[in-house]
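Here's the letter readout for the chains.
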Amino acid sequence: MPWLSILMGVSVLGALGVTLVRNDKLAKQFTLGVSLVVLALAIAMAVGFNPNGDKFQFVEKYVWIRSFGVHYAVGVDGIALVLILLSVVLVPIVVLASWHDAEAGKRSVRTYFSLLLVLEAMMIGVFAATDVFLFYVFFEAMLIPMYFMIGSYGGAQRSYAAVKFLLYSLFGGLLMLVAVIALYSIADKHTFMFSDLIGTIQDVNTQKWLFLGFFIAFAIKAPLWPFHTWLPDAAAQAPAGAAVLLVGVLDKVGTYGMLRFCLELFPDAAKYFTPLVITLSVIGIVYGAIVAIGQTDMKRLIAYTSVSHFGFIAMGVFAMTTNAGAGATLYMVNHGFSTGALFLIAGFLIHRRGSQYIADYGGVQKVAPVLAGTFLVAGLSSLSLPGLSTFVSEFMVLVGTYQRYLVPAIIATTGVVLAAIYVLWMYQRTMNGPTAESVKKLPDLSVREKWVIAPLLALLLVFGFYPKPLLDMIHPAVKSTLTTVQVSDPAAVVPVAKEAQ
Amino acid sequence: MEPAEIIQHSGGVIGASWLMIALPLLGAAILLLGGRRTDRFGHLLGVAMSVAAFVVAALAFFQLLGFAPGERRRGVSLYDLIPGITKIGLLVDPLSISFCLLITFVGSLIHIYSIGYMAHDPARRRFFAYLNLFVAAMLLLVLADNYLGLYVGWEGVGLASYLLIGFWQHKPSAATAAKKAFIVNRVGDFGLAIGIFTIFATFHSVSYAGVADGIAKGGSIPFTAIGLLLLLGACGKSAQLPLQSWLLDAMEGPTPVSALIHAATMVTAGVYLVVRSGPIFQATDTAQLVVTIVGVATLLAGAIIGTAKDDIKKALAGSTMSQIGYMMLAAGIGPAGYAFAIAHLITHGFFKADMFLGAGSVMHAMNDEVDMRKYGGLRKLMPITFVTFFIGYLAIIGFPLLSGYFTKDGIIETAVEHNAILGWLAVLGAGITGFYMSRLVFMTFFGKKRWEADAHPHESPAVMTWPLIILSVGAVVLGAFLVLGNRFMIFLAPAVGRPEELPSFAPFSPTGLVTLALVAVGAGFAWVRYGSAEVPAVAPRGSFLTTFARRDLYGDALNEALFMRPGQWLTRLAVFFDNRGIDGLVNSLAALIGGTSGRMRKVQTGFVRSYALSIFVGAAVLVGAWFVVGNL
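As you go down the protein sequences, you meet chains E and X in turn.
Here our numbering is used: the first sequence runs in plain steps of one and ends on residue 501.
Here our numbering is used: the second sequence runs in plain steps of one and ends on residue 632.
Hints were generated in silico from the structure; no laboratory data involved.
In this text, a Cβ means the ideal position worked out from N, Cα and C, and glycines have one as well.
Check each hint, because a few of them may be wrong.
Some chain E residues judged to face chain X by a derived CB distance under 10 Å, without partners named [to be verified]:
hint	residue
1	47
2	48
3	49
4	53
5	103
6	189
7	225
8	323
9	366
10	410
Here are the simulated SDA-like cross-link-like pairs (lysine to any residue), alpha carbons at most 25 Å apart as the crow flies [what the hints assert, rightly or not]:
hint	chain 1	residue 1	chain 2	residue 2
11	E	441	X	15
12	X	180	E	296
13	E	468	X	171
14	X	180	E	376
15	X	217	X	279
16	X	171	E	358
17	X	87	E	50
18	E	61	E	39
If the Cβ cut is set under 7 Å, some of the chain X residues that face chain E in the computed set are [claimed, not checked]:
hint	residue
19	82
20	546
21	550
22	586
23	588
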C-alpha cells in the first residue's frame, strides 16, 4: 500500500474539502475529522514498520522530471517515521486548540483550517522525501502556509514577524538550492535520489562547500545560534496553534536535515565542521537559556527555551555516537510534545487575560488550579524532569556527547540548572503569590482545553517511563547513519560483564 | 570485607517489592487526577498507601532475614528503561531495606499526624497526594539497582520537596523558598549527572553491579572525579556546604513536610549515595577526605546557625544540617563508618521527626507562631508534646543510653581514631549541640509565658500525639538496639562491607567522657542564659558573631554576591545583546537591502511581502534557467 501518499493525499483532499464547507463550525469539525483519520492511518502504518528491516520502508518511486532525474520518491526509516508520527499527533491537537483562534484573523476561519491541512501534507512529505530535490521542494513550500498563518492570523506585529520569518528562511533555502544543484552536477549521476548520491562526493573541499549550503539552511531553520532571532518574533506573533507547528515540527526539519543530509551526504565535511557546530550548539544551549530567563513575554520566553533545546539536538547529532544521535532524534519528538504543551497552555492563559506579559499575571493557581497544574507539568518537561520523556532524550544526548566531547557536554549540562531557573521563575511569577486583581475571575480550563492538553501530557509521561517503543524504531536508523558516516562509538575504558550492565 | 554478590530473585515479597513504589505512586495519581471528588477520602487513601508500602517493606525485610547473610543482596529485574544505556531493576539488600523501613514507617506516622495537622486546610487532599508522591520517589531512589534509577528518584523527591515547600503558594516567601530549593538542588544534580556520565563513559554501565565488576577488573578509572561529582550531588540534596542555603528557607513548608522530607528522609539521601557508592569512594583517598571535611564543616556550621535562630523550625533545620554533617563525616571514613552513618541516620530520623512534629504540635497550639521568644512555659499545658519532645532532645544531645548517645558517639569515636583533628571538631560540635538544643527546649517549654494575647495553647489531638509517642519510643531504644553487639554493622556488612576488626563499645571512653562534659557545659550555659534568666521578647542586638550566625553565616549573602547579582547582570546583558546586537545586525542588513530597493519603489507596490514573493519567483526562474542552460 502506498501509505505515505495516502497520508498526504487525505490531508490535501481534506484541505480542499474544508474550503468547500460553507459553515465555519462544520469546517472545524471536518478538519478535526480529517486530521484524526490521518493520525489513525499513520499509526496503522507505523505498526507495520519493521525496525530491523530495510533502511527505507513504505517506499514509492515515480519519475517526476525525467530529464533531470527528479523523482517523486518517498519512504521512511525510523527517524523519519517518528517525526511523521509527531506531526500527525500534533495536528489534531492544534486543530482542537485553535478552535476560536482564527476568528479574529484577516482571512476566513475556513482558510486557516485549510492551511493547517495543507501544512500537514507538507510536513509528512518533507520527512518522507527520499529524493533530495523533492525534499527541497517541500522544504520551501512549507513556508507558504506558515507565512499566511502568521501573517493573517497573528498578533499585532504579525506582518513584521511573518516577513522576517519568510525572508530568513528563503535566504537559507536559496543557499541550499545552490548546494542541491551543485551536488547534482558534481555527482553526475543524473539523479536526485538520496541513496544514489551517498558517497558520490569524494573530494573533501567540495564536500565542505556543499555541506555549508545545506547546513546554513538547516541552522536557520532549526534555528541554531546565531541564526535564531527570527524565531522569538515569529513564535510570539503566531497564533498558539501555528507556533506549536512552527517550533514543534517545522524547526525539526532543520535538525532532521542535519542528521539525514549533512551527515550522510558529506561525512568528511561533517567531521571537519563538528567542532564548529558543537561550539555553536553549546553557545546556543547556554545563551538561549540565559536570554529566556530575561524575557518578559511568555511566548518569547518559550521560544528562547527552544533555542536552547535546539542546541541540545544539534549537539547530539554532531556528537556522532549512538546514544547522542538516538537521543537527539528522540529529543525532536519530545520537544514537540513539551513545547507544544507549553505554547498551548500559555495560549489559553493569554487568550483569557489578553496579555502575553508575565508581569500581568500572578496567583493564577488559586483561581485556575488545573490550568496551573498542567502548566507546571509542561514546564517540568521543559526542564527535563526525570519521569517525563524529555529527560530521557536530554540524558541520552548529554551522555552520548560526553562519551566523545567531555568539555562541551559539561558546559551543556549547566543548561539543566538554567532551565530550572527559567521555568520555575516564570511559573512563580504567573501562578504563585497573591492573586492579581486582573486574573481574579479567570476561568479554569474548559473541557475542550483539557482534551487538548491531556494527550500531550500523557505522551510525555508514558514515554518518560517507557521510551523503548520509540527508541526501538530510532536506534537501527541512527546506527545505519553512523555506519554511513564511518564512525563508531567510543569503547568503555573498563568493559564490564554483559549481565552486569 | 567486600560486599556480597547480587543474586537475581523473582519470588516472594522481594520479587514484588516494586509494589512499595507503585502503591504510593498510584495513590498520588488517584488524588491528583481525581480532583475534588477525592477530597472526602483523600487523606485516608494517602495514609493507606503509605502503610501498605510499609507492610510490603516489613515483609520483604523478614524474607531477607531468612537468607544466609552472604545471600542477602537480591536483585529484581524490571524492564529496559533506556535501551542502549540501562535496564532498571531493584536491589533489595540490607542497606536499601533499612531505608525502606525508615521511610515507610516514619512516613506513615507523619501521614497519620498530617490528618490532624492539615485538618483545616482546604487543599488537604493535594497535600496527601504530594506526600505519597514523595514516598514513591524516595523508595525508588533507595531501591533502584543503578545510578540512573537513583537519579530519577533523586529528582522525583526534589519535585515533591518543591511542591511541598511551596504548598502554601499564595505566600510569596513559600513560593520563593520552593524555587530556591529546586534550583540549588539542580546545582547539585549537575554534579551528580556528570558523575553518572563519567560512570557510563568508563564502564558502559550505570548499574551498581556493573560498577563493582569494573572496579574489580581494574584499569584507569577516574575514581576521584566520580567521587567528587557524586559528592556535589550529595551536598545539594543533603544541604551540606556549600549547597546548604536552601534548607533553612525550606521551613516555609508545612511542618509535617519539614519532619519527613527535610529531616528524616530526603535530606539524608546524600549519605545514602556516598555509602552506596562505597566501592568508588574507597578507591580514592582524596574524595573520601573531602567528604569528611564537608561533613565536619557542615556539622559545625549547622550547629552555629542553630544557636542563633529564634524561629523554632529554623533552629531545628540548622540542627538537621549539623546532624547530617555527622553522617557525612562517618560516610567519608569508609566501612568503619558506614554502619554508624546509617545507624545515626535512622535514629536521627526518629528523634528529629519527633521534635519537628512536636514543634508542629506547639505551632498548632500557638496560632502558627514560630518565634520561640513568644513561647515559654508550655510544658504544663502540653504535657505529651513536652515529654516526647524532651525525649527527642535528650536523644540528640547524646544523653547516656538514649539513641543519639550510641549512634553519635560511634561516629565521634570512629572519627577521632580516623583523623584526630576532624574527630575533635566533631566533639566540639556535640558541645554546641548541647547548647542550642537546650536553648530551644528552655525557651519553648520552660520559663515564664511570653505568648501573644490571642494564644490559647492546648494539647494536640490524639491523631497527632500518638505519632509523637511512637517516635519518642524509637528515640529511646533504637540506638542501643542497633549499636550494641555491633548488630547493625553485621547486618549491613553484606551490602557495604565492614572493617576487619569490629569495634567494641566502651561506655564512658575518654572521648565519650569529654563529649559528655562538653554537652553538659553547653546545656548549663543555655540554662543560665535561657532557663533561669528572663528571655527578652525581642532579640538583643548581639555581637558580630551572633549576627554572623543569625544570617546563616552569610551563606545567602555570598550566593547573592557571587551568583545571583552577576547572573541578573549577565541576563540583562544577554537580552540586550540579543535584541540590539544579533537581531540589530540582522535588521540593519535587511534595512540596507530595503533601502536599496527603496530607490526602485516607484515601480513597486511598496509591500515588503511582495518583495519576498519576488525573491521566491526570481529563485524559481533562476533554477529553471540553470536547468535549461545546464542541459544544453
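Status of the hints after comparison with the structure:
1. For residue 47 (chain E), the interface hint is violated, the least distance from its beta-carbon to any beta-carbon of chain X being 19 Å, above 10 Å.
2. For residue 48 (chain E), the interface hint is violated, since its Cβ never comes within 10 Å of a Cβ in chain X; the closest pair sits about 21 Å apart.
3. For residue 49 (chain E), the shortest C-beta to C-beta distance to chain X is roughly 17 Å, which exceeds 10 Å, and the interface hint is violated.
4. The beta carbon of residue 53 (chain E) comes no nearer than 18 Å to any beta carbon in chain X, farther than 10 Å, and the hint placing it at the interface is violated.
5. The interface hint given for residue 103 (chain E) is violated, since its Cβ lies 23 Å from the closest Cβ of chain X, which is over the 10 Å cut-off.
6. Hint status for residue 189 (chain E): violated, given a least beta-carbon distance of 14 Å to chain X, over 10 Å.
7. Because the smallest distance between the Cβ of residue 225 (chain E) and any Cβ of chain X comes to about 8 Å, under 10 Å, the interface hint for this residue holds.
8. Taken as an interface hint, residue 323 (chain E) checks out: its beta carbon lies about 6 Å from the nearest beta carbon of chain X, inside 10 Å.
9. Interface hint status for residue 366 (chain E): upheld, as the beta-carbon distance to the closest one in chain X is roughly 6 Å, under 10 Å.
10. Given the 10 Å rule on beta carbons, the hint for residue 410 (chain E) holds: about 6 Å separates it from the nearest Cβ of chain X.
11. Restraint check: the Cα-Cα separation between residue 441 (chain E) and residue 15 (chain X) comes to about 52 Å, which exceeds 25 Å; the hinted pair is violated.
12. Pair hint residue 180 (chain X) plus residue 296 (chain E) holds up; C-alpha atoms about 20 Å apart against a cutoff of 25 Å.
13. For the suggested pair residue 468 (chain E) and residue 171 (chain X), the alpha carbons sit about 42 Å apart, so the restraint of at most 25 Å is broken.
14. For the given pair, residue 180 (chain X) sits about 16 Å from residue 376 (chain E) by alpha-carbon distance, which is consistent with the 25 Å threshold.
15. A hinted pair counts as satisfied when its Cα atoms are at most 25 Å apart, and residue 217 (chain X) with residue 279 (chain X) qualifies at roughly 13 Å.
16. For a cut-off of 25 Å, the pair hint linking residue 171 (chain X) to residue 358 (chain E) stands: about 18 Å separates their Cα positions.
17. Annotation: proposed proximity of residue 87 (chain X) to residue 50 (chain E) holds, straight-line Cα distance about 23 Å (limit 25 Å).
18. Between the alpha carbons of residue 61 (chain E) and residue 39 (chain E) the distance comes to roughly 23 Å, so the proposed pair stays at or under 25 Å and holds.
19. Interface restraint check: residue 82 (chain X) against chain E, minimum CB-CB distance 6 Å, threshold 7 Å, status holds.
20. The restraint placing residue 546 (chain X) at the interface with chain E is violated, with a minimum CB-CB distance near 32 Å, outside the 7 Å limit.
21. For residue 550 (chain X), the interface hint is violated, the least distance from its beta-carbon to any beta-carbon of chain E being 26 Å, above 7 Å.
22. A hinted interface residue such as residue 586 (chain X) counts as satisfied when its beta carbon comes closer than 7 Å to some beta carbon of chain E; here the least separation is about 6 Å, so the hint holds.
23. Checking residue 588 (chain X) against chain E: minimum C-beta separation of about 12 Å lies over 7 Å; hint violated.
Checked against the numbered hints listed earlier, the structure breaks hints 1, 2, 3, 4, 5, 6, 11, 13, 20, 21, 23; every other hint is satisfied.
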